[in-house]
Amino acid sequence: MQLEQFHYDNKIVKKFLYATILWGVVGMLVGLLLAFMFLFPNLTDGISWLSFGRLRPLHTNAVIFAFVGNAIFAGVYYSTQRLLKARMWSDLLSNINFWGWQLIIVAAAITLPLGFTSSKEYAELEWPIDIAIALIWVAFGLNLIGTMVKRRQRHLYVAIWFYIATFVTVAVLHIFNSMALPVTAFKSYSAYAGVQDALVQWWYGHNAVAFFLTTPFLGLMYYFVPKAANRPVYSYRLSIIHFWSLIFIYIWAGPHHLLYSALPDWAQNLGVAFSVMLIAPSWGGMINGLLTLRGAWDKVRTDPVLKFMVVAITGYGMATFEGPMLSLKNVNAIAHFSDWIIAHVHVGALAWNGFMTFGIIYYLVPILFKTKLASTKLANFHFWIGTLGIILYALPMYVAGFVQAFMWKQFNPDGTLAYGNFLETVNEIMPMYWMRAIGGVFYLTGMLVLVYNVIITIRQGSTVTDDLVEAAPLTRVSKSRTASEGWHTWLERKPLKLTLYSTVAILIGGLVQIVPSLMVDDYIPVISSVKPYTPLELEGRDIYIREGCVGCHSQMIRPFRSEVERYGEYSKAGEYVYDRPFLFGSKRTGPDLMRVGGKYNDNWHLNHFYDPQTTSSGSIMPSYKWLIANKHDRSNAGDKLEVMATLGVPYSPADIENAQENMAVQALKIEKSLMNDPDFAKTYAADKKFAEQNGEEFVEMRDREVVSIIAYLQRLGTDIKVKNGDDLTINQND
Amino acid sequence: MLKFIKGNLEAIDGVSIYPIISLLIFFTFFLVLFLYVFTAKKDHIKSLSEMPINEPTKIQENE
Chain A
367 MQLEQFHYDN
377 KIVKKFLYAT
387 ILWGVVGMLV
397 GLLLAFMFLF
407 PNLTDGISWL
417 SFGRLRPLHT
427 NAVIFAFVGN
437 AIFAGVYYST
447 QRLLKARMWS
457 DLLSNINFWG
467 WQLIIVAAAI
477 TLPLGFTSSK
487 EYAELEWPID
497 IAIALIWVAF
507 GLNLIGTMVK
517 RRQRHLYVAI
527 WFYIATFVTV
537 AVLHIFNSMA
547 LPVTAFKSYS
557 AYAGVQDALV
567 QWWYGHNAVA
577 FFLTTPFLGL
587 MYYFVPKAAN
597 RPVYSYRLSI
607 IHFWSLIFIY
617 IWAGPHHLLY
627 SALPDWAQNL
637 GVAFSVMLIA
647 PSWGGMINGL
657 LTLRGAWDKV
667 RTDPVLKFMV
677 VAITGYGMAT
687 FEGPMLSLKN
697 VNAIAHFSDW
707 IIAHVHVGAL
717 AWNGFMTFGI
727 IYYLVPILFK
737 TKLASTKLAN
747 FHFWIGTLGI
757 ILYALPMYVA
767 GFVQAFMWKQ
777 FNPDGTLAYG
787 NFLETVNEIM
797 PMYWMRAIGG
807 VFYLTGMLVL
817 VYNVIITIRQ
827 GSTVTDDLVE
837 AAPLTRVSKS
847 RTASEGWHTW
857 LERKPLKLTL
867 YSTVAILIGG
877 LVQIVPSLMV
887 DDYIPVISSV
897 KPYTPLELEG
907 RDIYIREGCV
917 GCHSQMIRPF
927 RSEVERYGEY
937 SKAGEYVYDR
947 PFLFGSKRTG
957 PDLMRVGGKY
967 NDNWHLNHFY
977 DPQTTSSGSI
987 MPSYKWLIAN
997 KHDRSNAGDK
1007 LEVMATLGVP
1017 YSPADIENAQ
1027 ENMAVQALKI
1037 EKSLMNDPDF
1047 AKTYAADKKF
1057 AEQNGEEFVE
1067 MRDREVVSII
1077 AYLQRLGTDI
1087 KVKNGDDLTI
1097 NQND
Chain B
179 MLKFIKGNLE
189 AIDGVSIYPI
199 ISLLIFFTFF
209 LVLFLYVFTA
219 KKDHIKSLSE
229 MPINEPTKIQ
239 ENE
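Heads up: the sequence lines are chains A and B, in that order.
Using the working numbering, read the first sequence as starting at 367 and increasing by one per residue.
Using the working numbering, read the second sequence as starting at 179 and increasing by one per residue.
So here's chain A without its partners, still in its complex pose (with noise of 0.2 Å):
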């Protein structure tokens, strides 16, 4: 057989290292700022895109689809290429895949702080990033798609059918839950409402988590952690296993973000079914990569690569462990919307996907440099200050999440709660927010030992040059099995064929929990009195989504008896059915808010957005003095009203065209409201002298922006005064 030499693209794989580092710093310093607004909470005072209900939306992407997505996909390109023995298909189409997706991380950098977002977590990006993010994804796998096709190796290992399994189901995936009608270049409202949106969301949400940061990385582990090891999988058959269920099952689990929410019972108790039953692949993978390194334990002591790879593999482990422990609707009761998940997640980001990606680069830049990594010491010093970091983070975010949960649940023998004022359970922690501020510092210190590490590594070694190598190419066989071989030998030399499986195995489970669920719209007991929007209110919501308020407070009264005691009448499915996108949040830093309509008075509300500290001694949220002096742009309002119209929300024509007259009229009574405080009257009357005297621009109070955020919050949770079931009528829609 004839030999065919070809090279190696290790130009790309370099380029996307390069992204990998940079993006890492930026994902964690805007990390570490966030961290510090726990602390400081006006650290950025008055600057609208420097807010945290901005950056944090920044933060989760930046780390997540910058940092490591820049890591799969370097990984993915050296790996695929060595084990398919062939150049990636098109050097263009890599290229693409770079450049295209830096340019959509640099979108996402300017747009996010601006506050073009859909509030959807890790899908904030609006639609037209949306397309992209699209398109460049179809791209990474036609150009993995087309190297498959022209390999040289006839089977394909199993690092390979992970690759496979995140390509399409990330695809799937992003599409169905980016569906979005726009209004304008940066403002859409979601296809689906309410307790729709919020299972599409988190059907997303959750396999975003195993399809982005767990089956990418699942397969550079099963492929570097051997190479780093120098020795094969431990159990290749355990692989196989491994890969089948953790995609099948993977998909199902979603509903486990909305236990004793809104949404129907049936979907939560399939979430946790399937949750718990994620263990078993997802420990077996874990087992699968520690014991590979069994024998070579001696290795682990000296070499920097395994060390980041072990600590890795066990925060895989531990976090696989806690997520089904989480999904058990007992345990979740007092994890959710606690700073439990910020410890969960971060055992995830921190170790799992952080010193994977740490060891791949330790790995990478002394081979791809033909050089020596420049200090070993270093490397050790970043393994230990990084470990350090993820203890001092998750840790205290533990114990936290259990403070500030059983602080919310505590009763007095009289049957009032023990700490009726939130700021009592906020201030209890704020050690615990000190203690990860100062974690977060040393894991950031070991990222930047990192980049003095890999500079000076770069500095002594030659330029990256394509690796070239020979091997035999594939010679036809029979499309169908030949008679030697076996069906397991005929199948895994058909990568579509694979790709086709896998995606029926993640569409099964998608369309068992997304078809009922797109029934259960028409079946969600409608509540008579639950009404639309006004164009104001709606105006006021898409200010609340700008500003990322969800980041931090709840919608979502849970059926607990501490809840309604704090909150009020728990929250139902049914009066979500306007709310597109669904804002039930998935974190308390503050108080939930659905019900906060007519709690206070538009007064209140204007000195809380003022000066929170204020109104609420021992507040940790931040002032949003823009909100009161910037005037409010509600010229879209007729066409926001339209496209929600479209989308099925009962506005009528005249609703649509009077949208300006009725904003006016319900701006006004809250300017009026606001004018029965003297001290308030006094100050604004004395503005706008002033403004007048010095022939400045004034905007009346009637046309700024908190107005509209008042008549939001005014609204929200008022819509039911229901007290028995009579009330409420089922739509049988036949």
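Since no wrong hints were added, every one of them can be taken at face value.
Label pairs and their in silico Cβ distance ranges: (1) A:768 with B:206: 38 to 44 Å; (2) B:210 with A:1020: 55 to 61 Å; (3) B:236 with A:660: 25 to 31 Å; (4) B:203 with A:769: 41 to 47 Å.
Treat the hints as calculated values from the structure; they're not laboratory data.
Note that CB positions come from ideal geometry on N, CA and C, so glycine has one too.
Here the structure of chain A is known, so what remains is to put chain B in place on it, guided by the hints.
Same frame as chain A, but now just chain B:
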């Protein structure tokens, strides 16, 4: 009161078929998977698992 959160599914026609289908799909899936894995030949499995280790060696190029 429980009407608000319970029984949303019962309203869907023929919904009882869903859990049965789910169970069947599951059972079959894992049965086939285990059969597949445990009937694989040892040599085949071994050659697969050694793929990352047995990569073609780099050829020195004159630069």
